[in-house]
Structures are given as structure tokens and as C-alpha cells.
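Below, each chain spelled out in residue letters.
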Amino acid sequence: MKLRTFAAAAAIAALTITATGCSGGSDAGSGSSDGKTLTYWASNQGTSLDNDKEVLTPQLKKFEEETGIKVNLEVIGWNDLQTRIQTAVTSGQAPDVLNIGNTWAASLQSTGAFMPFDDAAFTAIGGKDKFVKTAMDTGGVPGEDPTSVPLYGLAYGLYYNKAMFKDAGLTPPTTWEDMVAAAKKLTTGDKHGFALAAGSYTENSHFAFINAAQNDSEFFDAEGKPTFTSDGVVNGISRYLDLMQTDKVVDPGNAQYDNATKAVNDFANGKVAMMLSQSNANSSIASQGMKDDAFGVVAYPAPAGAKEVATMVAGINMSIFKNTKNKDSALQFVKFMTSEATQAALDKPFAALPVLAGVTPSFTDNAELAKTFSDIYENKSKPLPLVAAEDQFESTVGKAMNQMFATVASGGTVSKDDIKAALTTAQEAVEAAG
Amino acid sequence: MSATTAIKKSDPAPGPAGKKDRQPRRAGWWLPYALLAPAVIFELVIHVIPMLTGIWMSFLKLTKMFIANWGNAPFVGLKNYQVALDFDSSVGLGLLKSFGVTVAFTVLVVGLSWGLGMAAAVALQKTFRGRAIFRTLFLIPYALPMYAGVIAWKFMLQKDNGALNHLIFDNLGLPGDKPFWLIGDNAFAAVVIVAIWRLWPFAFLMLMAGLQSVPADVYEAASVDGAKPLRQWWNITLPMLRPVNMSLVLVMFLWTFNDFNTPFVLFGGSQPPAGDLISFHIYNASFLTWNFGSGAAMSVLLLLFLMVVSGIYVLFMNRRKDNA
Amino acid sequence: MHDTTGTKVFRVATITLLSIFTIIPIYVMVISGLKPLQDVQGAFSWWPTTLTIQPYIDMWKTVPLADYFVNSVIVSTVSTVLSLIIAVFAAYAVSRYTFRGRSLFSGAVLSTQMLPGVLFLLPLFLIFVNINTNFGVQLVGTRAGLIITYLTFSLPFSIWMLAGYFNGIPRELDEAAKVDGCGPMRALFKIILPTARPGLVAVAIYSFMTSWGEVLFASVMTTDANRTLAVGLQLYSTQTNVYWNQIMAASVVVSIPIVIGFLLLQKNFVAGLTAGAVK
Chain U
4 MKLRTFAAAA
14 AIAALTITAT
24 GCSGGSDAGS
34 GSSDGKTLTY
44 WASNQGTSLD
54 NDKEVLTPQL
64 KKFEEETGIK
74 VNLEVIGWND
84 LQTRIQTAVT
94 SGQAPDVLNI
104 GNTWAASLQS
114 TGAFMPFDDA
124 AFTAIGGKDK
134 FVKTAMDTGG
144 VPGEDPTSVP
154 LYGLAYGLYY
164 NKAMFKDAGL
174 TPPTTWEDMV
184 AAAKKLTTGD
194 KHGFALAAGS
204 YTENSHFAFI
214 NAAQNDSEFF
224 DAEGKPTFTS
234 DGVVNGISRY
244 LDLMQTDKVV
254 DPGNAQYDNA
264 TKAVNDFANG
274 KVAMMLSQSN
284 ANSSIASQGM
294 KDDAFGVVAY
304 PAPAGAKEVA
314 TMVAGINMSI
324 FKNTKNKDSA
334 LQFVKFMTSE
344 ATQAALDKPF
354 AALPVLAGVT
364 PSFTDNAELA
374 KTFSDIYENK
384 SKPLPLVAAE
394 DQFESTVGKA
404 MNQMFATVAS
414 GGTVSKDDIK
424 AALTTAQEAV
434 EAAG
Chain F
152 MSATTAIKKS
162 DPAPGPAGKK
172 DRQPRRAGWW
182 LPYALLAPAV
192 IFELVIHVIP
202 MLTGIWMSFL
212 KLTKMFIANW
222 GNAPFVGLKN
232 YQVALDFDSS
242 VGLGLLKSFG
252 VTVAFTVLVV
262 GLSWGLGMAA
272 AVALQKTFRG
282 RAIFRTLFLI
292 PYALPMYAGV
302 IAWKFMLQKD
312 NGALNHLIFD
322 NLGLPGDKPF
332 WLIGDNAFAA
342 VVIVAIWRLW
352 PFAFLMLMAG
362 LQSVPADVYE
372 AASVDGAKPL
382 RQWWNITLPM
392 LRPVNMSLVL
402 VMFLWTFNDF
412 NTPFVLFGGS
422 QPPAGDLISF
432 HIYNASFLTW
442 NFGSGAAMSV
452 LLLLFLMVVS
462 GIYVLFMNRR
472 KDNA
Chain V
88 MHDTTGTKVF
98 RVATITLLSI
108 FTIIPIYVMV
118 ISGLKPLQDV
128 QGAFSWWPTT
138 LTIQPYIDMW
148 KTVPLADYFV
158 NSVIVSTVST
168 VLSLIIAVFA
178 AYAVSRYTFR
188 GRSLFSGAVL
198 STQMLPGVLF
208 LLPLFLIFVN
218 INTNFGVQLV
228 GTRAGLIITY
238 LTFSLPFSIW
248 MLAGYFNGIP
258 RELDEAAKVD
268 GCGPMRALFK
278 IILPTARPGL
288 VAVAIYSFMT
298 SWGEVLFASV
308 MTTDANRTLA
318 VGLQLYSTQT
328 NVYWNQIMAA
338 SVVVSIPIVI
348 GFLLLQKNFV
358 AGLTAGAVK
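Protein chains in written order, with this note's numbering: chain U, 4 to 437; chain F, 152 to 475; chain V, 88 to 366.
Since the hints were made in silico from the structure, they are not lab data.
Hints should not be assumed to be uniformly reliable.
Unchecked claim - The following label-pair restraints were derived from C-beta to C-beta distances:
1. F:D239 - U:G115: 47 to 55 angstroms
2. F:F279 - V:Q141: 35 to 43 angstroms
3. V:V117 - F:D328: 23 to 31 angstroms
Claimed, not checked - Some chain F residues close to chain U (C-beta under 10 angstroms, calculated; not the full set):
4. M216
5. F217
6. S445
Using N, Cα and C, we set each Cβ at its ideal position, and we do this for glycine too.
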């Protein structure tokens, strides 16, 4: 009796394990080589993973109708994407095509796991010249065949609350000094002038880069060696930090904002007058009930006399895994995704800036907003360091800044010497890993 | 390895080994091996071989340049260990700090969890109305899926919108500013509290089970002798629970020292130094910088440390028992 | 009966403080799952402005929670059953036979408790990949891969606990059965297992909870096809919003089956521990 129950349980278990083994869901692309099925990892661009699927599925259907190639889509959240790419690179069990944050392009290129786009490949996807040059520059290490091509363009902008500015008799700032003065004036009671994602190491590293770039300083020299401790870098970070430390226009609570959405929420709920965000914030602002005409955007201003860098060239690129057995289909798919028709369909739901030359922005109906962002993206942008250690720069410098903000927020002070010391540690870590 | 020795020696029963000699079943000599085979196979595939592979990796320069073709990664001997143990470099210093944080964390979490578990087990030892309710309630944190409990804490520990600061400053009216819990120095207190919340019910459960095997008449005899409750606890309860405590403390130590889940779910990407427990530190060192050789070397060092501590613990416990 | 005042104060204080400590996070979880989104984004309040079950409806749409649920149930159940079967055989061997390598086996099995997960996370992943290339068995991104991983995680503790439990069962019982002509396997199934039921339940609970709550390996080994709740729950913080109310609602839903199961079986669990590991 008991024996039989056990035997039955064992049999069921054995069956299940075989069944689950066979059904083995995401057959990592390389499995089938008939060229009729592709695996595609998309990054999370919409309001939820499901939302991404809804937006992308009709396009993938269309692609299948046109070419007969079926695309297996998996949307991956940002928390997982880097780990998933790492394991894919390590194991070779990879999708055929995937999205990457364009700032990782050079780092990922150095793994040698991605297909370089040579002339033939570019011809297959419609030519290198179809892309905006700014966007294309992020494709990989300069001087080598890039391993990624732009898909969605993004840029940082300074969002401001129109009503709050008007009530205070202020105009949108054009210099850093104006911006701080305005922020100070708008910091009253429980309202603050500014919200920052001061606990997010990616955001922090981006702004470390932008502020250093305004000081005409680089994080890496021409040979790709880290130069984190130059005065321009230290001063740039110090300036950014001082928004909380000395100017006190940022609520210390922002030190634990570990992703950009929290700052966006504060802005949309009228708790702050200004915030820094990428251009795809519009949909979340709207979902919080703030009207499209209630806010404006200007370029993130540099101090008077400094270089006018307002953003890094942000966005999403597309890569093909080198070991794909469906190279031709993969190229066809990249061509399709970067075609004008598909871009036109995707730019709006994902609030992306065009990466194709000569295309007018369609991510918003607000012409003024579109113009501002296009101007920032094309004229006031600079790509993050296109070196293999870029990802280490983001994590070490970004995390060091997390700690600085944490110190400031808990009532401590961070001097320029402290900043320099923290950057020295970060630099040593990058050098040790190299 | 040595934990079993401790358990076996503490086993008061004559132990199965003694009787084995009576059955020299030559014919069925293979049977125990057949019975063990499935377990051995799974242990080999999931634990032993990966561990050996991990040790092998610790001698390689396994950075992102080589990870895609890791069979060709250059052999660097002990270099990864040198870097990890060079406390003048930022990598070694980071590991050392993380180790220090983890030691303090483990001592506090194991000690306090044991204390709370013991207090609750003793408080619920005698029957009273509603005892079952409290026993059930106390076990819930242990039964909850770990990430669900920790996420709830993460939500509560926010500075401005968190329940904890609301309770302390708005409801109880303590003066002062609301502090951060998830960043800065308080991150240590936060991770300790959350870990205790999850772990103490386990100590409670084990100790409660142990107390049930203490015969009531021992206490009665003691109270007739006029022994005070605290003395009773010290003279009777504690010695009776010795076998439980020996394995309980060791298991809690290993779990706590290796705790990855609590900081991972609680802090996510922010990794404050005060809450930078060693497993979490190594995970970040491996995955954020793609330096898997160095991460493997750090893991091996951690393993060696745990083996040494466990070995000493078990030896010490057994000697004390033998002397007693 | 004649407790001293000190004892009473100690008991009341201990129970009160521990109850508060235990309840607050659970209460916050439950009540926040019943709040509208604006409530959980603003300052905390012990009671929602409006009580709503909307998060419990929305949470199924924000992430495919139902799929993850199914994955978790299958993975945890199958790995528990298999782990139990394997542990029973191994524990029987350890408890009832002397053989060369016995102490090596028990020692080695238990020392796996010391292994830091980060040490063998990546190697295990690579081994799975190699199994796939050489034998064509897909383990990464499938439930089968998770199942064999998790069943092994709970195996050491299960064998240890069961062996202890079996040791507590008088050998005279199975000796007698053998005299009656039962083979060793019959003796295991007819005599030992029925007696050891609390031990089996304890082990089953332990391994089910281990699989249900595992995060580290799930975060690397899962894809859309086999993602478990442990990883799925983190997906509520998307690019554009952190849905705290839905996270809390989902946490409640994820917890209910396991908490109820555990509480129903806790007597067995305690009995199993008492007879097994505790001895």
C-alpha cells in the first residue's frame, strides 16, 4: 500500500521531470538553424514587461508576414538584463538578437561574443548612413567595426514645472548658476527645487560623466587608462553633489532614490520644481496625472563659460550574437527593427528619439518638447567613454557617489579631498580588474 | 564534515554501528551503495563538481575578455588570491571590510536570534490559554518565503515614507530627524534586524522541540528543592538542550555567514558599505566587474574560513563533552 | 500554578514584545496590498485612505504572476518529492548499514552546507550548458534544471534529519521483519517509513520551503519559460514605476499557501525535528 503510493509518486515525478525537460521553453536561438525562427531579447522600455510585449508583438507579426521568420520574444527587466547577458556570453547559450544599453556597447564588444557589423552586414541592414551619426558613434570602440547599432535614442533633459516657475516669476534656466538660483528660490516649506536619483549608481555615474564633460575632463585617456582623479572630474562631481550639500535644493531623502522613477514621481506630484530625466519619462509623468503642458524641458545647463554638454548619448542598441546560426535572418530582423516604418511605430510608445537620419521625432505630440530633445541629442551630447572598462566605470564611480550622497544626507560633509580619495579607490578597482 | 561527528558523538543511543557486525551480509554488500547512488550523483553534479570547477576558476584570469571562451583563459596561479589578500589595495581592503561587517553581523544575528528563540521557547513552555496562537504567530516569519518578508521590510525601512520611521517619530513622538535605514551606517542595523526577524523563529522552533524532551518531573524536583527559575534554567534547561544547541548554533552560523538573500533583496544595487555582507560583496565583485576569477578566489577564501571555524567549533565541543 | 512574579513579568514581556516585532511587517504587508498606488508612494499611514482590492487584480497583469506561480509550484513540488525519495534511501543506508565510505559520505554531504552559493553559481551554470551541448538535455531556462538544483540543495539537511530519525526507530522492529522474511527494502517501506511519518513531513516541508524561497540561483538560471516567484516578484519595479501596493499584494498571495501549509503541518515538523536532528 505504502509502497505503491511511493512508487506512484516516483513515477509521477519522473514523468514530470521528463516532460518539463522536453518542453524546455526558451530554446536559445542557436538550437534551430533553419533560419525560420529567431530568439530576441528586448529590454524593458514601456510601463511594464507586458506592455512591451503588447507593443512589440504586432511588429513581430508583421515581420513574420513579410519574411516568414518567426521571432520568439523575451522582454527582460533592467535588473536582470546585465546578468542574463553575462550568462549568455559565458555559456554561448544566447539569443540571436538582443537589446543592450548603448553605454555597455564597448564593454560588451570586448568580450568578443558579438558579431561585428562589417561593410557587408551594414549593407544588409540598409547602410551605416541611415543612422544619426551621434547615435551610431555609440556602437562600439572607435576604429573597430561596431558590434551594435542604434535602436532607440534617449537623452537627459531638465524637466521643470511651468506653474511653479511662473508663480515664482522665474524663467527656465540657461546656465548652472541660474538653475541653482531658481532651485533655491523654489525650495520652500516641504517643496524642493530639485529631485535627483541620488541612490542610483547608474544615474550617478551618468551625471558624474556629464558634469566632468562640462569641465572638459575625461574619465579615460586616449589609451583607455582611467583618469578618474583629475581636477575637472573632482570639481564636476563636487558641483553635482553640492546641489544637496551646500545649495540644499535637494531633499536629503533622495539619497535612497535607487532608480529614476522615484524622482519622476516627486516631480509629477508637484513636490519638486525640477528634475533630471531621460526623454522617456513622459509616459510615467502622464500616468501620475500630470498634464503634458504642465511641464517644460530645457537642456541641463552648464556653468557659464563651461562646455555645453547636457547629456550623454543615451539609448538602446541592438546586437547580434556571434555564434548565431541564423545570421541572415538576424540581419533581416535588425534591418526591419531599424526601418523607418517600424521606428515610427515604436518611437511613440517607448518615447524614443529617432536614431535614423532625417526622421522627425514622433515620441511626443508636443512640438516644442520634441525640438528641445532633438537639439540636446544632436548638439549637446557626448558619448560615455567607449572603452572596455566602461561598465566598471559606471559601477565603481556610481557606487562611490551613492556613498557620498548617503554621507551628505545623513548630515556629514564630503570635501573635494574626500571625493578625490573615493575616486582613487574606484580607479584602483578598475585598474585591478583590467 | 565534522558536524556529523558532533551529532554522532552526542547521540546517547549505542548507535547503529555497534550492531552492524551481527549481519555480515556479504551477498548484499552493494545494497547501501545502491541506496546512496542517487544522492551521490546529485551531490556530485550540483555540489562537488561545480565546487572543484570554482576552485579551478580561482586560478584563472577570468575577466570579460576571456569569459566567452573561458577554456582559454590564462592561468595566473595565486594572483587572484594575492590581490584579494593585499589589504593595501582597494580590492583587498574592500574584502577585509566586508569580512569585518559579516563577522559582526553573524555574531549579533546568531546571538540575538538564539536569545529571542530561547526566551520565547521558555515563555511558551507551560500551557496557558492562547499558547497555540502565539506559537503559530512566532513561526510565520520563518514560514514566509524569504524574499516576501525582506521586501516588506524594505518597504518599511524607507526614510520618509517608511512605517518604521513613522512609528518611531510620528506615533511615538521621538525627537530628532528621521534617519536613513537603507543607506549609510544604519544599513548595518537594518540588515541585522531583518535577518533576526527571519532567523529567530527557527531557533525558537528547534529549542521548543528540544524543551519538549525535557521531562517535567525534573523541574518539579527542582522547585521542591527551592531552585529559582533562573537557576532552574541554568542548571536544568540549558544542559538538557546542549545537544540541540550544538547543532543549532553551527547551522545558524553557517546560514548567517553565507547570507546572500537578505542584503540582495534589501539593498539591491545600492550596496551600502555598512551592509556589505561577504556573499553579497563577492557576488557584486564577480558580476558587476565581470571578474569571475577574482570572485572565485574570494569564495574559496570564504569557504576555507568557514571550514576552519566549523572544525574548531566541533573539536572544541567534543572535547568539552569528553571532559565533562 | 505558583509562578513567581518575575516569571510572569518575563513571560508577558517576552510574548508582547516578540508579538509586536513579528506582526508589524506582516501587518504592513497585508494593509499595503489594500492601498491605492498614491497611498504607498506618499507618507506611510497605518490605514489606507480608501480600502481597495485593485492591487490584487492589477498584479496579475503587471507581471505574469500566474505563470510564475505555476513554475514555482511545479518546481517546488517535484523537487520536494524527488529529494524526499532520494533522502529516504540514503538515510536508510546511513542509518542501518556499515560500509566503507559511510562516514566520508555523511561528512561530505553535510559539509556542503558550508559552500557559499556564489562559489558554485557560475560553475554550475557552465556544467548545465555543457550537459546541453554534449547530451542535448536543456537544463538552463527549464524547470528540470531548477528541480535538480533545488532537490540537491535540500538533500544534505534532509538526509541528516532522516538518518537521525531512523536511528531513533528501534532496530529490533526491522530485524523482526527480516526474520519474518522481509527483504531490506520491504523492511524500509513496511516498517520504517510508516513509523517515520513525522520525520518525512518535516523533511518535505523543509525542502519545499527551500525551493520556494531560493533567489540567487533563480536569478541566473531562469528565463521567461521557468521564472519562479522569487525572481518574478522583483519585476514589479519597472522602468516607470514601483508598484509597492502590488508587490505587497503579490507577497501576500505568494506567502499564503506556504504559510498555511507550514502552520498546518508544524506539529509534524516539530516532532520530526525532535526525533531527528535534535537528538
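In ascending order, which of the hints set out earlier in this document are inconsistent with the structure? 1
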